[in-house]
Structures are given as structure tokens and as C-alpha cells.
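Fit the two chains together into the complex; they arrive one by one in their own frames, and the hints show the way.
Those protein sequence lines, which keep their order, are chains A and B.
Per our numbering, the very first residue in the first sequence carries number 1; after that it's consecutive.
Per our numbering, the very first residue in the second sequence carries number 1001; after that it's consecutive.
Don't read these hints as lab results, they were simulated from the structure.
Certain hints may be false.
[Said to hold, decoys possible] So the derived label-pair ranges between C-beta atoms look like this:
#1 Arg85/A x Leu1017/B: 30 to 36 Å
#2 Gly1064/B x Arg87/A: 28 to 34 Å
#3 Met1154/B x Asp54/A: 32 to 38 Å
#4 Met53/A x Leu1101/B: 26 to 32 Å
#5 Met53/A x Leu1017/B: 25 to 31 Å
#6 Val65/A x Val1016/B: 17 to 23 Å
[As the list claims (entries may be wrong)] Computed footprint of chain B on chain A; a stretch qualifies when at least three of its residues, placed anywhere within it, have a C-beta under 8 Å from a C-beta of chain B:
#7 6-14
#8 22-31
#9 39-49
#10 52-59
#11 63-73
#12 82-96
[Stated by the list, open to error] Taking beta-carbon pairs under 10 Å as the criterion, some of the chain A residues facing chain B (in silico):
#13 Met1
#14 Val2
#15 Pro3
#16 Leu17
#17 Gly18
#18 Val19
#19 Ser34
#20 Glu36
#21 Gly76
#22 Leu77
#23 Ala78
#24 Ile79
Here the structure is a predicted model, which is why all the values come from computation and not from measurement.
Built from N, CA and C at the ideal position, the CB exists for glycine as well.
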Amino acid sequence: MVPISYYLVLSAVLFGLGVVGFVFKRNIITIFMSIELMLNAVNLAFVAFSRSMDHLHGQVFVFFVIIVAAAEAAVGLAIVILIARNRESLNVERVNLLKL
Amino acid sequence: MSAELLLFFVFAALAVLGAVSLIVQRHPIHSALSLIVVMVALAALYLLLGAEFIAAIQIIVYAGAIMVLFVFVIMVLNAGEEERTNLSRMARYVGVPLSILLTAQLAWWMMRATSGHSNGAPLHPTDTRGLARLLFSDFVFTFELTAILILVAMLGAVVLARRET
Chain A
1 MVPISYYLVL SAVLFGLGVV GFVFKRNIIT IFMSIELMLN AVNLAFVAFS
51 RSMDHLHGQV FVFFVIIVAA AEAAVGLAIV ILIARNRESL NVERVNLLKL
Chain B
1001 MSAELLLFFV FAALAVLGAV SLIVQRHPIH SALSLIVVMV ALAALYLLLG
1051 AEFIAAIQII VYAGAIMVLF VFVIMVLNAG EEERTNLSRM ARYVGVPLSI
1101 LLTAQLAWWM MRATSGHSNG APLHPTDTRG LARLLFSDFV FTFELTAILI
1151 LVAMLGAVVL ARRET
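Bound conformation, chain B alone (with noise of 0.2 Å):
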């Protein structure tokens, strides 16, 4: 095995199981931590993938903007243990079959459609210059529109969450 494949899978496995963990764990800010979890380890396999761009905003942005925001909003709210309500009887026979069998359903209809396909070329360090010229040239337009998007966002969150005087 591979030094590179002996990386994937244990950062999958690490990815899956702040996954599951996020799930399981009745707490929001633990599911919080779980998420943080997934997303080093998805921002690793980013790098595995050689978009090491891509990796850094996964950690800055996501692990860190996004994620701060939530633990924030968790705490502004003083969240506690969610409460245990029973799983209503369609939910346990018909819901949890259902999204295993989506799940299965995803993975080997992904598997099957790939399995041909090429692993691409190897790593090049210069993928960022390229990232930036496309981000700056072909998608220049939208790019300008997110900056719009962004502002909207803002205005509408400080909106939203004012307190009516």
C-alpha cells in the first residue's frame, strides 16, 4: 500500500467518523467539534488531490469563519442537549432503511461511472496561478457577483438579528 493511499484512508476514516459523530451526539457544540473534524479532514484530502488552494480556504474559511460563527450562535443561544423526542415509528422502519439505501445507491452508481475513468496528471504546484487567471478572466462576472452576495448576506444577517426597539 501506498504512503498516499495509507493518507486517504485514514483522513476518510477520520471524515467519517466526525460524520457519524455529528450525528450521534445529542449536544450542538459537540457536533460543532465533530464538524471541525470533517473539514481538516476533507481540507487534508484536498491536498492529497493537489488543489492545495482549495485546502487553505477549506481551513480559513470554513473551519474557521463558518465554524466560529456557529460556536458563536451556540453560545449567544445558550444551546443545550437537544431533547429526546421518540423517533415516530415511520421514521425508524421506513426512514432509516431509506437513506442507507440512498447512501448505497450514491456510492456505487459513482463507483460505476468512474471506475474507467483516468487518475488525471500528476500533482503541479503551479494549479493556484491557474485557479487564479480562470477566476479572473472566464469567471470574472460572477466573481463580481458573489462580492455583491456577500454584502447582501451581511446586510440581511444584521437585519434579521437586530433586536426591534
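Pulled out of the complex, with its shape left as it was, chain A reads as follows (with noise of 0.2 Å):
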């Protein structure tokens, strides 16, 4: 039997790590893909704790959590599209319109 804690520390891990991905990279379709790594930790620790308290409700948020995370791919890789495509670059640098 596998503590339940192992599967959280392993979440908090990844989210960590996430984090990381998120503020370190430039390529913005790797902090794209950070973000997904954030929403799979959270996802182990809900299912995980899903076990642990024998409840399904975890379950059923870990299904909307992925529908959700399915509908934000679609949308932000078209934003990543219309950022390439108005930048011609995929550098988070060079999106500065907002830097004073």
C-alpha cells in the first residue's frame, strides 16, 4: 500500500517544477506546456485524495479540470498563433507592449 503522502509530495513536486518551467523558459509554448504540467500535479493530489477519503467528488473535478484544461489549449494556442504570427517570434521578450 502506497502512503497517500507520497502522492502529494510527488504533486507538490511537479507543480514545483511547473512553477519553474512557467518563469524560466521564454519559448512561449513551453510556459504553455508548464501550465499543463501544473494542472496534472493538482490533478494527482485530487485524485489522490480522492482515494484517501474514498469520495468520488475528486474524480468528478479531476473530469471538469481536464474538459477545462482542453478548452484553454484550443483558445491559447490560437492566441499562441496570433502572437507568432503578429511578433514573428515565439519569445516572450519581444511581447512588450505593455513594458513601460
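Written out as C-alpha cells, the structure reads:
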């Protein structure tokens, strides 16, 4: 039997790596993938809690998170295509209209 | 060490390695492939946790649909290697320790808060039926709302990505 805290620590580590990727990567697509990694880490915590409390609501929540992630990926990648077309680069440092 | 624990460690290591590789790789397509490794490892962990349905949609929706979309966009945009920019001094000396601190804090508090919890009941094979029952009774309104969300997202993606004429 794997203790539930192992899953939660793994989830925390994956979330932290997602944050690191989000902060340090320069490519907008990779930043987007880091967000997906964070969503996955949270899903793992949900499923682990759902198992530990013997309650299916956690899994229902994961189902909805996956649906929302799919919608987010569709819209987000459309925005990425727009940015790439307008800036002719995928580097987020070129997206600086709001910078002083 | 039981087989379950061994499997957990194998897939956990795979997931962490994939996540590290996602950050370290410079080419976006390599990052995307690393993310697929993470997702498949997580699907295996869901199976270990007895969530068969979630494991299935993890593979089908995440590793299948979403990642194909990512790879497709990388291909369409012909994304090359990430430009090498110097990390600012702030990022190197403040950002790296702070992100390690964040991860350690998260892991530590989750460990502390749940060390006394039970591991729950053993696997029962009727989980998926219970999930379906919940989805179509208690959560039916939310379920219908997500249908609208998907429709709006689809329209939004088409409108955003279309070329102005």
C-alpha cells in the first residue's frame, strides 16, 4: 500500500517544476506546457485525496479540470498563433507592449 | 517492498524526470515529448490509485488530443530552438532559491497535513459506474455548462486563428 502522502509530495514536486518552467522558459509554447504540467500535478492531488477519503467527488473534479484544460489549450494555442504571426517570434520578451 | 510501492516509485521517477526534461530541453518539440512522458506516467499512477476512468481520459484527452494540438502548433509555427538569453542576476540568485523553497514548502506541508490519513478503501471496480452516476445526477448542470464551454472555446479558437482578409 502506498501512503497517500507520497502521491501528494510527488504532486507538489511536479507543481514546483511547473512553476520553475513557467518562470524561467522564454518560449511561449513551453510556458504553456508548464501550465499544463501544473494542472496535471493538481489532478494527481485530487485523485489521491479522492482515494484517501473514499469519495468520488475528487475524480469528478479532475474530469472537469481536464475538460477545461482542453478548452484552454484550444484558445491558448490560437492566441500563440496570433502572437507568432504578429511578432514573428515565440520569445515572450518580444511581447512587451505593456512594458515601460 | 511491495509491488505497488515499486511501481509507484518507477512511475514517480519517470514523471519527475519528464518534468525536469521539459524544463531543460531547449527545443519545444522535445519539451512536448517530455510532457507526454509525464502524462503517461501520471495515467499509470491513476491506475495505481484505482481511478481507471481518469487514467483512460488522461491518455485519450491529454496525451492524445491536447498534446497533438501542441505538436501541431509547434509544427505549423516551425518553432526552432529557444533563443539563449542570459538569466538576469535577479533570476539566478533570487528566482532559483525561491522556487526550490516553494516546492519544499508545498511538499513539507502536504506531507505533514496528511501523514495521519488512512489510505482509503481497497480498489473497487465499480468506481466508474459511481462516477457516471455522480456526473449525471449531482453534477449534471456543471456537465452541461462544460459542453457550452467547449463550444465557446471552439468558436473562440476559430475566430482567433483565422487570417484577416
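Each hint tested on the structure:
no.: 1; hint: Arg85/A x Leu1017/B: 30 to 36 Å; result: holds (35 Å)
no.: 2; hint: Gly1064/B x Arg87/A: 28 to 34 Å; result: holds (30 Å)
no.: 3; hint: Met1154/B x Asp54/A: 32 to 38 Å; result: holds (37 Å)
no.: 4; hint: Met53/A x Leu1101/B: 26 to 32 Å; result: holds (29 Å)
no.: 5; hint: Met53/A x Leu1017/B: 25 to 31 Å; result: holds (30 Å)
no.: 6; hint: Val65/A x Val1016/B: 17 to 23 Å; result: holds (21 Å)
no.: 7; hint: 6-14; result: holds (count 9)
no.: 8; hint: 22-31; result: holds (count 7)
no.: 9; hint: 39-49; result: holds (count 6)
no.: 10; hint: 52-59; result: holds (count 6)
no.: 11; hint: 63-73; result: holds (count 10)
no.: 12; hint: 82-96; result: holds (count 5)
no.: 13; hint: Met1; result: holds (5 Å)
no.: 14; hint: Val2; result: holds (5 Å)
no.: 15; hint: Pro3; result: holds (6 Å)
no.: 16; hint: Leu17; result: holds (4 Å)
no.: 17; hint: Gly18; result: holds (7 Å)
no.: 18; hint: Val19; result: holds (6 Å)
no.: 19; hint: Ser34; result: holds (7 Å)
no.: 20; hint: Glu36; result: holds (7 Å)
no.: 21; hint: Gly76; result: holds (9 Å)
no.: 22; hint: Leu77; result: holds (5 Å)
no.: 23; hint: Ala78; result: holds (4 Å)
no.: 24; hint: Ile79; result: holds (6 Å)
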